Every structure is written in C-alpha cells, then in structure tokens.
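Colleague: For the sequence shown, the residue numbers in my numbering are 20 to 394.
Simulated from the structure, these hints should not be mistaken for lab results.
These figures come from a predicted structure and were not determined experimentally.
Accuracy of the hints is not assured; some may be wrong.
Stated by the list, open to error - In the SDA-like style, the derived pairs of lysine to any residue whose C-alpha atoms are separated by at most 25 Å in a straight line are:
#1 K66 / V55
#2 K66 / D197
#3 K66 / Y381
#4 K66 / V76
#5 K66 / G254
#6 K66 / D276
#7 K66 / H77
#8 K66 / V89
#9 K66 / V36
#10 K66 / Q88
#11 K66 / P31
#12 K66 / V117
#13 K66 / P84
#14 K66 / A53
#15 K66 / L83
#16 K66 / S80
#17 K66 / V33
Stated by the list, open to error - What follows is a set of in silico ranges between Cβ atoms, one per label pair, in the way DEER data are often shown:
#18 Q262 / R106: 50 to 60 Å
#19 A155 / D207: 28 to 38 Å
#20 A124 / R327: 25 to 35 Å
#21 A372 / P333: 39 to 49 Å
All residues carry an ideal CB built from backbone N, CA and C; glycine is no exception.
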Amino acid sequence: MRVVIVTESFPPDVNGVAHCALQTARHLVDRGHAPVVVAPAPAPGNKPAADVPCPVVHVPSLPLPGYPQVRVALPSRRLAATLIEHRADVVHLASPFVLGVRGMAVAARLGIPAVAVYQTDLAGYARTYMGAGEAAAWRRIRSVHGAADLTLAPSSAALRDLETHGVPRVELWPRGVDTERFRPDRRDEALRRELAPNGELIVGYVGRLAPEKQVELLAGACGLEGVRVVVVGDGPSRPGLEQALPGAVFLGRRTGDDLARIFASFDVFAHTGPFETFCQTVQEAMASGLPVVAPAAGGPLDLVAHGRTGLLVPPRDASAVRDAVRALAADAGLRAAFGAAARATVEGRTWAAVGDQLIGHYANVLAGRRTAVAA
C-alpha cells in the first residue's frame with residue numbers, strides 16, 4: 020500500500036502523536052509498504068529526525084501562541100501535491116486538528132480513503148485552558164472524524180467518548196511499546212545515587228509539563244519522608260512546578276536509551292493527567308517493570324490493573340496520589356509484584372503487533388470502498 024501519513028506533530032517533537040506517527044512509518048516500511056509523512060516544519064534550529072525511514076514533506080508552520088513547543092501548520096499546496104504525486108491508496112490522519120483537517124478535505128476531493136487516529140482530548144484541553152468550550156470542541160471532533168472512512172480510538176474510554184458524542188465508524192486501535200528499549204535491566208544504580216543520594220525511594224513522572232497534566236498533584240508525594248520525586252520533561256508549566264514541588268529533581272527532556280535508563284531507575288511511576296486518551300508513558304513504565312499510580316480516567320483504565328500492576332486513584336485528587344505513593348513506598352514486596360506483573364502485561368504489546376492491526380484496518384477500509392463502488 021501507498022500511504023500518506025498526515026500528522027500534526029513529528030520528530031524532533033517529543034509527544035505521543037509524533038512518536039506514534041514515526042512508529043507507524045517504520046512499521047509500514049518494515050512490512051514492504053510505501054509511506055510518506057506530511058508534517059509541520061520544525062522550529063528554526065531544530066534539526067529534523069535522522070532516523071526516519073521514509074520521505075518527510077514539511078509544510079510551513081508557526082508556534083502556537085503561549086505554547087511555542089507546539090507548531091501549527093500554515094496553508095500549503097505541498098499537502099495536495101504529495102497525495103497526488105505519491106498516488107496514495109489511503110491517507111492516515113494522526114490526531115487531525117489543523118493540517119489533518121486539510122488532509123481530510125484533500126483526500127475527499129481526490130476520492131482517497133481516510134483513516135483518522137484520535138489521540139488528543141481536545142474537549143479536556145478546552146476545559147483546562149479556557150474553562151469552557153467543551154461542546155464546541157466536540158462539534159469540531161465530530162465534524163473532522165465524521166468525514167473519515169474510519170476513526171481509530173486508542174482506548175476503551177476514548178472509544179466510548181467518541182461514540183457517545185456521535186462520531187461514527189469507530190474501532191479500537193491501541194499503541195505499541197518498545198519492550199527492547201524499555202526494560203527492567205536498564206536500572207542504573209549510579210544514576211539512582213545521583214538522584215537520591217540518601218537512598219530515597221524514587222517516584223518518577225515523565226511527560227509534558229503543561230496545565231492539563233496536573234503535575235502539581237505530586238506535591239503531597241514530595242512531602243513524604245524517604246521519597247524523592249523526579250520529573251522528566253519540559254513545557255510551559257516548568258517554572259511554576261519547580262516552586263510547587265519542593266525537593267523534586269527536574270531532569271528536562273530526555274529521549275531514547277537515556278530515557279529508558281531513567282525509567283528503569285525509578286521505584287514507582289506516577290502519572291497525574293486526567294485527559295489521556297492512551298498514556299504511552301504509563302506503558303513504557305510498565306515495560307520498565309514499575310508499579311504505576313495513575314488516575315482512574317481515560318487511557319490508564321485499559322493499562323493499569325488496580326491492585327495487580329498498580330493503583331488507580333480518583334482524578335485530580337492530590338491526597339489520593341500521596342496515599343498511593345505512601346502505600347507503595349512502605350511495601351517493597353508489593354512494588355516488586357506489581358512491577359513484575361506490569362512487565363508481563365505489556366510484553367505482547369509491541370509496535371509490530373499493533374502495526375499489523377493498523378494495516379488490517381487499512382485493508383478493511385479499502386475493501387469497503389471497493390464494495391461500495393461495485394454496488
């Protein structure tokens with residue numbers, strides 16, 4: 020198949036949309052297909068990723084006001100030209116919002132099937148950043164995804180949300196995890212001594228530092244005796260979080276094997292954001308053999324088995340996060356049991372496995388189109 024992946028974000032960006040788009044391109048090439056990526060151009064000075072296995076077409080972009088790490092694509096003829104020149108069989112729309120909406124329109128005009136991948140909780144973001152606008156966000160989501168031949172939801176919670184709000188033709192497609200990169204034996208005792216020189220239990224968070232992630236909920240854990248909170252990531256909330264989380268270590272953005280080493284060197288992984296449609300960092304923590312504390316909302320509901328691989332807590336409840344961390348800190352045997360079960364749970368969730376599922380979805384969409392034409 021000839022596939023054009025239209026994505027709102029792509030490496031060198033570090034986020035779930037960019038990572039998933041890259042893994043999709045890699046798997047398509049591995050299986051003998053021919054992908055091309057269309058993405059917003061990175062910020063000036065940011066070099067494009069060097070390990071991309073297929074051509075990447077960059078369209079002009081500008082930073083999102085107030086959040087310069089996010090680039091927004093500008094109108095460009097390159098998108099339509101790419102779909103035509105590549106002779107696309109299917110268009111893959113990764114978290115369509117701006118560039119993806121244009122990709123959907125071009126695909127419809129050219130009669131090319133479109134598969135839209137839902138990855139960003141726009142309604143949750145509207146509540147976080149504007150205090151309102153949730154209904155308008157769902158109208159936008161319904162309009163965009165309703166035009167696709169198929170929408171793929173990353174979790175059961177996301178699928179229910181989409182169906183409840185009237186999005187048609189939705190199926191489940193989860194995310195894979197690199198179980199070779201993220202694994203328990205990358206634990207680094209020297210790093211642990213550097214992060215927790217007094218032998219503290221290390222509770223880690225990995226992700227964007229932005230209001231919707233609600234990382235400030237870790238403040239209670241920072242106050243626990245014998246616990247050191249370590250925060251990996253960057254974003255507009257970092258200055259405020261450095262004040263809100265006394266004693267926490269901030270490592271900034273980390274990637275690749277360095278990130279895997281940090282993950283494996285934690286004792287507990289804590290995620291705080293209630294708006295995750297999947298939550299890849301929870302899955303990476305599980306692959307690293309860590310017990311997980313996460314909100315009982317969104318993607319983590321599919322990933323964390325409460326009382327077996329971690330602890331689910333009420334969303335936005337700092338006391339519950341603190342109490343869950345305290346319970347795990349007090350019981351090394353429980354941490355070990357949860358961590359082992361977490362690793363076993365994700366061992367079959369490779370990118371190859373979920374990539375083959377995606378190719379199956381493409382094939383079903385193409386077959387449906389052929390059937391419709393024949394009728």
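Colleague: Run the structure past the numbered hints and jot down the numbers of the failing ones, going up.
Modeller: Of the numbered hints given earlier, those the structure breaks are 3, 19, 20 and 21, listed in rising order.
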